[in-house]
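Colleague: One letter stands for each residue in the lines below.
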Amino acid sequence: MEITNLTENLFIYYLHTLIMIEAGTQEKGDALVIIESSKQREIIVESKIMAIYGESIKKTVEEETADFVAKIIVKDYGALDWVLRARLEAAIRKFTGGEEP
Amino acid sequence: MKLRRTRLYVPGNNPHLMENVGLYNADAVILDLEDSVPVTHKFDARILVKYSLQNIDFGKSEKWVRINGITTPYWKKDLREVLPYCEVINLPKVESYEDMEMVDAEMSIIEDENGLERREVVPIIETVRGLVNAREIASHPRVAALAWGGEDLTADLGIPRKKALILDQVRAEIVFAAKANKKQALDTVYSNIRDEQGLFEYAQRARYMGFDGIGVIHPNQIEIVHQAFRPTDDEIEEARKIIEAAKEAERNGKAVISLNGRMIDPPVVERARKILQFAEVE
Chain A
1 MEITNLTENL FIYYLHTLIM IEAGTQEKGD ALVIIESSKQ REIIVESKIM
51 AIYGESIKKT VEEETADFVA KIIVKDYGAL DWVLRARLEA AIRKFTGGEE
101 P
Chain B
1001 MKLRRTRLYV PGNNPHLMEN VGLYNADAVI LDLEDSVPVT HKFDARILVK
1051 YSLQNIDFGK SEKWVRINGI TTPYWKKDLR EVLPYCEVIN LPKVESYEDM
1101 EMVDAEMSII EDENGLERRE VVPIIETVRG LVNAREIASH PRVAALAWGG
1151 EDLTADLGIP RKKALILDQV RAEIVFAAKA NKKQALDTVY SNIRDEQGLF
1201 EYAQRARYMG FDGIGVIHPN QIEIVHQAFR PTDDEIEEAR KIIEAAKEAE
1251 RNGKAVISLN GRMIDPPVVE RARKILQFAE VE
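Chain order of the listed sequences is A and B.
No gaps in the numbering here: position 1 of the first sequence is 1 in our numbering, and each next residue is one more.
No gaps in the numbering here: position 270 of the second sequence is 1270 in our numbering, and each next residue is one more.
Be aware that a few hints might be false.
[What the hints assert, rightly or not] Examples of chain B residues lying across from chain A (beta carbon under 8 Å, computed):
1. N1014
2. P1015
3. H1016
4. E1019
5. L1023
6. F1043
7. L1048
8. N1055
9. D1057
10. Y1085
Please keep in mind that the hints were generated in silico from the structure rather than gathered at the bench.
Small disclaimer: the values here were computed from a predicted structure and weren't measured.
Think of the CB as a built atom: it goes at the ideal place given N, C-alpha and C, for glycine as much as any other residue.
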């Protein structure tokens, strides 16, 4: 009985650690936001125009996800600021509230 | 009444196609959450459309959103997210007055909660049942105009779209249903984006059938449709004379309007006003 409970708990923990959601697309003018469960906050931004817009993208991600403990990956394909904010909101709501679709 | 000669469909999950919609001068822009968005992207698209309505410059274009139909699990979520920021809800597959009542009730709740002005609805008739009930549907106070969709309707009739012989009767019924209720009638899209002459003739034919506009799927179609809906110089000249005669009669306190010795009925004056509106002249 105890062994079964332990297995279940481990399975639930395993599932929890695997939570990962996506919002957005990899199309031109869009951004793909990926959020993964993590015990620490981590932000990764990938963009072809990192040198010009990297800081501004990071600032928007910081604003929209402040105090949010997870691994947040943003793959930018030339998204305008409002597009990035829309994709971040969608990702966060899916991650926290299970809102789908 | 607002000009609605062109309504440009834009997929609701493609930000790149949304960015410049205000530059195209369509009378309305429809951000689409229905057919152009796969089920797996419905949520993302809903949020994106909410942001685009608040951040994009729509220019002179009216802001419409085509939400998902009432038989889907999405339509209430769509309304809750986008209604505060759009002007018109484009509602697919409406089949009855009761359908309109249901959507009206949901919209009223959201409008009251957010202190919004009352939004308009343009239902799309896409089934035989909807067509049979079109006159009742058009009578709903929320309805600003009546539109129709050919693909679903011909599928419902069980006939191939390109060989369908019944579409002019469908068009006539849409026009009668709308106009009997003093609403606008909107024809469906012309899908060949390379055929400019075909588009012009299609739009002009729609105009002479009594439609107030057609749907467009590419920005290049907009100006051609506006030209097709522009009255001829003779029509404009005649309309100017009628309006002038009506003003003259009003100045002189006359109940009867006459022009060149013949009486002008009020509906003729109304038509003249509409011609000048379509011609975009004072």
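Colleague: All hints, please: hold or fail.
Modeller: Structure-based check of each hint:
1. With a cut of 8 Å, the hint placing B:N1014 at the interface with chain A holds, because the nearest CB-to-CB distance is about 7 Å.
2. Of the supplied interface hints, the one on B:P1015 holds, with its beta-carbon coming within about 4 Å of a beta-carbon of chain A, less than 8 Å.
3. Of the supplied interface hints, the one on B:H1016 holds, with its beta-carbon coming within about 3 Å of a beta-carbon of chain A, less than 8 Å.
4. The criterion of a C-beta within 8 Å of any C-beta in chain A is met by B:E1019, whose closest approach is roughly 7 Å, and the hint holds.
5. Hint on B:L1023 is violated. Least Cβ distance to chain A is approximately 15 Å, over the 8 Å limit.
6. Because the closest C-beta pair between B:F1043 and chain A is about 4 Å apart, less than 8 Å, the hint holds.
7. For the restraint placing B:L1048 at the interface with chain A, the shortest Cβ-Cβ distance is roughly 5 Å, inside the 8 Å limit, so the hint holds.
8. Of the supplied interface hints, the one on B:N1055 holds, with its beta-carbon coming within about 4 Å of a beta-carbon of chain A, less than 8 Å.
9. Evaluation of the B:D1057 hint against chain A yields a violated restraint, the C-beta minimum of about 12 Å exceeding 8 Å.
10. At its closest, the beta carbon of B:Y1085 sits 12 Å from a beta carbon of chain A; the interface hint therefore is violated under the 8 Å criterion.
Of the numbered hints listed earlier, those contradicted by the structure are 5, 9 and 10.
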